[in-house]
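Asks: Take a look at the letters that make up each chain.
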Amino acid sequence: MTVNRAALIGRPLRAATYTVSEIDLNDFLGVVTEPDFAPADGSEGRAEIASGRLAPPSFAPFVAVLGLLKTFDWQEDFLFDYRTGTAMFGEQAIEFHRPLLVGESVAISAAISNVYEKQGKQTFDVIEVTFDIKSREEGDLLMSGQQSYILFK
Amino acid sequence: MTAPLNKAWFEDYAVSMALPAIELGPMDRFDYIPIALILRDTNPLHLDRVYAQERGLPDVVQQGPLNQAYLYRYFTSLLHDPWDLVATKMRFAANVFPDDILTCGGEVLAVAPMEAGGGIVTCAVWQRNQKGETILKGEAKARIPSGG
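Sequence order for the protein chains is L and Z. Sequential numbering of the first sequence, starting at 6, is according to this note's numbering. Sequential numbering of the second sequence, starting at 1490, is according to this note's numbering.
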């Protein structure tokens, strides 16, 4: 069955939150070594925000991807059956407004900004999502950008 | 990752200048487990070799954000402060598999001085595998301080 997703353009997605946790970051730094951002030894606790420990910029795509995945349901918002279909990331663009702090809770808001069909080896739809990521505490903007998803037909 | 890259000053950058390339790897399938936990994504495509092969792939697929993270780390290692990063734009072009060797590189596209000193440098950045296939390509923009 052919799905027409053009009507999804402009659709606001769910508000979501994510906390840049020490556990996630230490797991990340165990894989992607960042000399300037050594893993914490666990003794910092909740004082991390106050001390201003920074997450590396290389963790930013994870925050965007994780946060955005909480803003939509594949079936309900993208008309896509994730169990049987094939989806992949297309393009991600991010503007950085200030560094990410470990322990910081962020709020993600997103909307479907564009949908179009493309033909490669297969035909697929590209869904473009525009997003803002703000600090929940301060409300200031950390990141903004676009993420596209490729949904094979 | 090889030796740290030299951190150039704004005056050192010129359009068309190649950024020093680095080689990473081989990629390790066991790294995909913590990455799956961080992403809350236990899709067997990233973890189950048999499942991936049944779908016509040679092996499990490395998570896309991990590929990006390596390219981010490469580019920000060129900066005096990693958070001098201003913007990125990256397109996924191909999959990465265990044991792949990745090369990251780039080229300066534009330099724009700032009144306060230093400037903004925009670079094309890319990541390729050992076969020369492009994995990621895009642009990255950063503030670079003046050395003078």
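Some clues are possibly wrong.
As the list claims (entries may be wrong) - Example chain Z residues on the side facing chain L (calculated, C-beta under 10 Å, incomplete): (1) Trp1572; (2) Leu1574; (3) Asn1584; (4) Asp1588.
FYI, nobody ran anything at the bench for these hints, they're computed from the structure. Even for Gly, the Cβ is constructed at its ideal location relative to N, Cα and C.
Asks: Holds or violated: the hint that Z:Asp1588 contacts chain L, with Cβ atoms closer than 10 Å.
Replies: Since the shortest Cβ distance to chain L is 16 Å, the answer is violated.
Asks: Is the hint on Z:Leu1574 kept, meaning its closest Cβ partner in chain L is under 10 Å away?
Replies: It holds, given that the least Cβ distance between Z:Leu1574 and chain L is near 5 Å, below 10 Å.
Asks: Does the interface hint hold: is Z:Asn1584 within less than 10 Å of chain L, judged Cβ to Cβ?
Replies: holds, 9 Å
Asks: Regarding the hint that Z:Trp1572 lies at the interface with chain L, is the smallest CB-CB distance below 10 Å?
Replies: holds, 4 Å
Hint violations for this structure: number 4 only, all remaining hints satisfied.
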